[in-house]
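Please build the complex by placing chains X, Z and D on the supplied structure of chain F, with the hints as guidance.
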Amino acid sequence: MELEKYELGGTYYKEKDLKDGKLLSLDWKPKLQYAWDDGVAIGRYLAELKKGNIIARKCNKCGRIMIPPRMFCELCWRPTDEWVDCKDTGRISTYSICYVNWDASRIKKGEKPHLPAVIEIDGASPGMGIMHILGEVDPEDVKIGMKVKAVWKKPAEREGSITDILYFKPARR
Amino acid sequence: MLEKVAIAGLGFTEFNSVSPGSSYRELTYEAAVKAYEEVGIEPKDVDSFVCTSEDFLEGYSISDEYCNDQLGAVLKSGQTIPGDFIHSLSVGVMHILTGLFDIVVVQALSKASNMKTIPEMVNFAFDPVLTRPLDITSYFTAGLEMNRYLAEERATREQCAAVVVKNKANALINPVAAYGADVTIEQVVDSEPIAEPVRLLDIAPYADGAVVLVLCSEKTAGSLTEKPVWIKGVGWSTDAPSLESRDWTEGIATRLAGDMAYKMAGITCPAKDIDVAEVNDEISFKELQHLEALRLFDEGDAGKATEDGKTALGGMLPVNPSGGGLGMGHLFECSGAAKVVELVQQLRGEAGPRQVPDACIGLAQAWRGIPSTSAAVAVLSAD
Amino acid sequence: MAYQKVAIVGAGITKFVRRAQETGKELAFQASKMALDSCGMTLKDVDCVSLGTAPDAFDGVHMKGEYLSDGSGGWRKPYMRQFVGGGTGVFAPIHGWLHVASGMFDTCLVVCSEKMSSCYPHPQGAFITIFDHTTEQALNPTLIWIFALEMNRFMSAYGISKEDIAQVSVKNKKNAMDHPSAQLPMDITVEDVMNSETLAWPVNRLDISPASDGAAAIVLASEHTAKRITDKPVWIDGVGWNLDTAYWATRDLAYPRYVEKAARMAYDMAGITEPKREIEIAEPYDPFDYKELHHMEGLLLADRGKAVEMTVDGVTQRDGDRPICPSGGALGVGNPIAATGLMKVIEIFLQLRGEAGPRQVPGTPHCGLAQAWGDLMQVGTVVVLRS
Amino acid sequence: MGMTERINRNVDLSYWEGDIPVNYVYTYGLGLEAFFRKLKDQGRFLASRCESCGVVYLPARIFCERCLAEIEGTFQVPGTGTVYAFTVVHKNMDESSKKEPVIVALIDMDETDSRMVHYLTGVKPEDVKVGMPVKAVLKKKKERRGHIEDIVGFKPV
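Residue numbers (my numbering), protein chains in the order written: chain F, 1 to 173; chain X, 1 to 383; chain Z, 1 to 387; chain D, 1 to 157.
Bound conformation, chain F alone (with noise of 0.2 Å):
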């Protein structure tokens, strides 16, 4: 068989043959709400950033300590031993400039890029990250294994979420 022979399915529409009444369509919004239960480990991670801290995990059999703390290992199969009190300051992994938002949307003019990262958290082990943005920096100074410093909400204006941390910006030496 060569495909070259075939006739092949999948009609292309454009957008417009929809809005002109060419083709019919349906519109749909749904309503998929959840609440998920946070459970031990993220019940206390998040209760912790309300705080002001950032809390890991720690097993005892292989030393890591990880973050998002989880109540079991997963490579050591056992359950973890301890919390353990991260800083609030890390060292980016990587990071991203972006102009577009979540749905793909560009960014309003003349709003900055946002800078999604990856930052190694100081007191957990080594390689353990979260994503979150940077922010007080120019996208071009920023780099790989630059120093940054959490920058929280209000302790009024927590509520319990990734979001009490603002950003990370470069740390001071």
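Please note: incorrect hints may appear among the correct ones.
What the hints assert, rightly or not - Keeping only pairs whose Cα atoms sit at most 25 Å apart, straight-line, the calculated PhoX-like set for lysine-lysine is:
| hint | chain 1 | residue 1 | chain 2 | residue 2 |
| --- | --- | --- | --- | --- |
| 1 | D | K142 | F | K16 |
| 2 | Z | K174 | F | K5 |
| 3 | F | K22 | D | K40 |
| 4 | F | K22 | D | K140 |
| 5 | F | K22 | D | K142 |
| 6 | F | K61 | X | K4 |
| 7 | X | K44 | F | K58 |
| 8 | Z | K306 | F | K143 |
| 9 | D | K98 | F | K29 |
| 10 | F | K29 | D | K40 |
| 11 | D | K142 | F | K19 |
| 12 | D | K40 | D | K141 |
| 13 | D | K40 | D | K129 |
| 14 | D | K139 | F | K19 |
| 15 | Z | K5 | X | K4 |
| 16 | Z | K162 | F | K112 |
| 17 | F | K29 | X | K116 |
| 18 | D | K139 | F | K31 |
| 19 | X | K263 | Z | K162 |
| 20 | F | K16 | D | K40 |
| 21 | D | K141 | F | K19 |
| 22 | D | K38 | F | K22 |
| 23 | F | K22 | D | K139 |
| 24 | D | K141 | F | K22 |
| 25 | D | K140 | F | K19 |
| 26 | Z | K232 | F | K5 |
| 27 | D | K99 | F | K19 |
| 28 | X | K116 | F | K31 |
| 29 | F | K61 | X | K34 |
| 30 | F | K16 | D | K38 |
| 31 | Z | K227 | F | K5 |
| 32 | D | K155 | D | K139 |
| 33 | F | K19 | D | K38 |
| 34 | D | K99 | X | K116 |
| 35 | D | K38 | F | K14 |
| 36 | X | K304 | X | K272 |
| 37 | F | K143 | Z | K162 |
| 38 | X | K263 | Z | K232 |
| 39 | X | K34 | F | K58 |
Hints listed in this document are in silico derivations from the structure and should not be mistaken for laboratory results.
Frame of chain F, contents of chains X, Z and D only:
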């Protein structure tokens, strides 16, 4: 003749109406620890993992991402089935039958209590153009099907209610069941109408829980357990998904899945050979319809048999001794898992007050629930 | 060997388009019907059906596997959906292989369908729900973030330039000009890629494959059945899959160790000890241009950090020593996630049969592989095929 | 070994809320496009027959789910049928109770092998019988937009 596959290890949590103390990860971890410890293995001993997960039930896209850590399945062969646990169990069987996998772990989880808009979600499963815009709350398909079942005089309204009475009573003596109760036929028949003839007590209420099983090949079974339960046959099938062209009376997918499993298990007379059955009872009458589809009773006989106590504990063919969905709760993709859990306990002789004497061959059946037309069946044996 | 040998005996595919008028069911039907026709079979000859399709959030139907069952030929058959995120398309033949290799079935229709265009305002939006709902989604991440983060890590770990990576996009979009399903066939230059809109540095618009609608299907058969159906069966000689931790930010993104594990599993099964020599042609997953390189390294087809040199030197061109993505890949043919993986399998199937038409690589190869990747930088799926 | 720590004060329990934040625009596909165009423009019901196995589908389709044959061509059917099953629905989508229950029926459509789900109108729940003949009630032409609700419901003949 295909090689035999064993269920060696069994781990499960309680099935509760809510489970706020544990995240979905922690709930699965609890079941996995129990299953692995029972057979003395660690994840490194496992050759492959089969998880059960359906995106919108978990509230994730690509929900298989979040299945493996809590099983210790990091950098292992893991796959996910958006189906019932018994579908996943069947995949686990296929893994072992290839001869390339010796120990396989199968998992399912329900966090039904975390879903705030279940009727909206079920409506989201209907055809987006033909059915969904009618905006009819989800139990209407069950109402239609039960109406037809009654109209064809396959059972009486009271016989359907008798299923509820039996299953909730069985759940009272099942320590992990959430919805045990001592109800009467009148209470069921007079309960709040939802989509008549379906009433509130006809419906299996939602529940949370997790199940992990350890499967292995025949040659390995002896080293893992003294009480292997053998998977003799598995089967699965799907009817047309469209309301317009699907079957509305026979439970045809269950019939075909059952026939496939019976053939694999070498069972020619199911009504005689099966000692105990755990079948889907998400809506009261479905238990009767499924028993008939599985050839455990002739068409139109299951209702009478239930009324006469033949499917009760101590009856000729105990059905849903666990309490079923009506007594344990509707666990979505974990529903079939709860049924397999009960059978494994029955066939090991560990079912306590629910023990069916001399239970040797058991059948578990799952239907994927409204509005699905998919079913899966497993035939298990003590020897 | 306990398992039955399994062959691919037929294939079907639709065009890949940004928006298809057909429903997902209809696309699945078009591909399935073509696959059956291609080997002179009818639905009656099919023992079981395996469906692969990526998240329900694309098509916008809960329990999408149920919804797509009729178009996929699942009516009253043993029909099951499998799902490993972006790895689904190459897991599809593996899942089908399980059905037949286990001895439970003789023939299996494997179908992958995706209708991403239903999702508004853009299919990309659906991907926010792949991130951890509690610890990540609150940051409003886009899918491109993780690719950009991984690409940056990959570039900095090995000192690779964006210009060199862009050559992958140039090659694949050009290859796609010969693929009848192709959505984005283009004759472009590295400058065009570099000058295209920066979406999330280091990712530019032309570094990315498009969102697509489309379907693909193949027919599998056991050894004795395959020989009755065709005199050119293509054998599934190795399968491998592997899943890494979901805590993706806690591991080094520079190297896809899960792809290596999946590849080693497939190579062991196929008896391949020197993949660089023995794998003559490959279709690694290329949703972003750097991913092709990343995956070539994970597949052990290139040393770490060296895949880019093979690309720059032209080794991976269709007429090079080691053709990579001769189909045009996801970058050129389009990326209806699950269907893309199966499209890659079909390309290898056709290449090994010498039936790839204008895309045929010189010297008709005998051994090739297809690979897909998915989830949170997490999953690798690999099949090794031989004629 | 299981987890060594659990939540043991209910005030420490917490959950995180979220949703699936995307919208959808569905095309009708090749089969339903033809059906709903005809319904909208002419108030007619369009069916299609599989030439290889004889099954008649309503609404019209482009493929046969039973044999995967391609179906070409369509024809009109009357839009009448009989009640195959019905249910009296008391709940809204948000699980609240309806002020007045509604009747939803599965209609065996004449001259086809298909059934349609829709509302029954102009009849009380106690008067509905399985087997009862019914016919479709359509919105006026200018109000029709190619939508399942162009059919108001089915009423007894």
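Here is what the structure says about each hint:
1. K142(D) / K16(F): Judged against 25 Å, a Cα distance of about 23 Å means the pair holds.
2. K174(Z) / K5(F): Given that 25 Å is the threshold and the Cα spacing comes to 21 Å, the pair holds.
3. K22(F) / K40(D): 13 Å, holds
4. K22(F) / K140(D): 21 Å, holds
5. K22(F) / K142(D): Within the cut-off at roughly 17 Å; holds.
6. K61(F) / K4(X): 38 Å, violated
7. K44(X) / K58(F): OK: K44(X) and K58(F) at ~21 Å, within 25 Å.
8. K306(Z) / K143(F): Given that 25 Å is the threshold and the Cα spacing comes to 24 Å, the pair holds.
9. K98(D) / K29(F): 22 Å, holds
10. K29(F) / K40(D): 24 Å, holds
11. K142(D) / K19(F): 18 Å, holds
12. K40(D) / K141(D): 7 Å, holds
13. K40(D) / K129(D): 30 Å, violated
14. K139(D) / K19(F): Holds. K139(D) to K19(F) sits at ~23 Å (cutoff 25 Å).
15. K5(Z) / K4(X): Satisfied, since the Cα-Cα distance of roughly 20 Å is no more than 25 Å.
16. K162(Z) / K112(F): 23 Å, holds
17. K29(F) / K116(X): 16 Å, holds
18. K139(D) / K31(F): Given pair K139(D), K31(F) is violated - Cα atoms ~28 Å apart, limit 25 Å.
19. K263(X) / K162(Z): Violated, at roughly 59 Å.
20. K16(F) / K40(D): 21 Å, holds
21. K141(D) / K19(F): 20 Å, holds
22. K38(D) / K22(F): 14 Å, holds
23. K22(F) / K139(D): 21 Å, holds
24. K141(D) / K22(F): 18 Å, holds
25. K140(D) / K19(F): Distance ~23 Å between K140(D) and K19(F) Cα, so the pair holds.
26. K232(Z) / K5(F): 18 Å, holds
27. K99(D) / K19(F): 37 Å, violated
28. K116(X) / K31(F): 9 Å, holds
29. K61(F) / K34(X): 20 Å, holds
30. K16(F) / K38(D): Satisfied, since the Cα-Cα distance of roughly 22 Å is no more than 25 Å.
31. K227(Z) / K5(F): 23 Å, holds
32. K155(D) / K139(D): 13 Å, holds
33. K19(F) / K38(D): Measuring from Cα to Cα gives roughly 19 Å; hence the hint holds.
34. K99(D) / K116(X): Roughly 23 Å between the alpha carbons, so the hint for K99(D) and K116(X) holds.
35. K38(D) / K14(F): The hint holds at about 22 Å.
36. K304(X) / K272(X): Given pair K304(X), K272(X) holds - Cα atoms ~18 Å apart, limit 25 Å.
37. K143(F) / K162(Z): 16 Å, holds
38. K263(X) / K232(Z): Given pair K263(X), K232(Z) is violated - Cα atoms ~33 Å apart, limit 25 Å.
39. K34(X) / K58(F): Holds, at roughly 22 Å.
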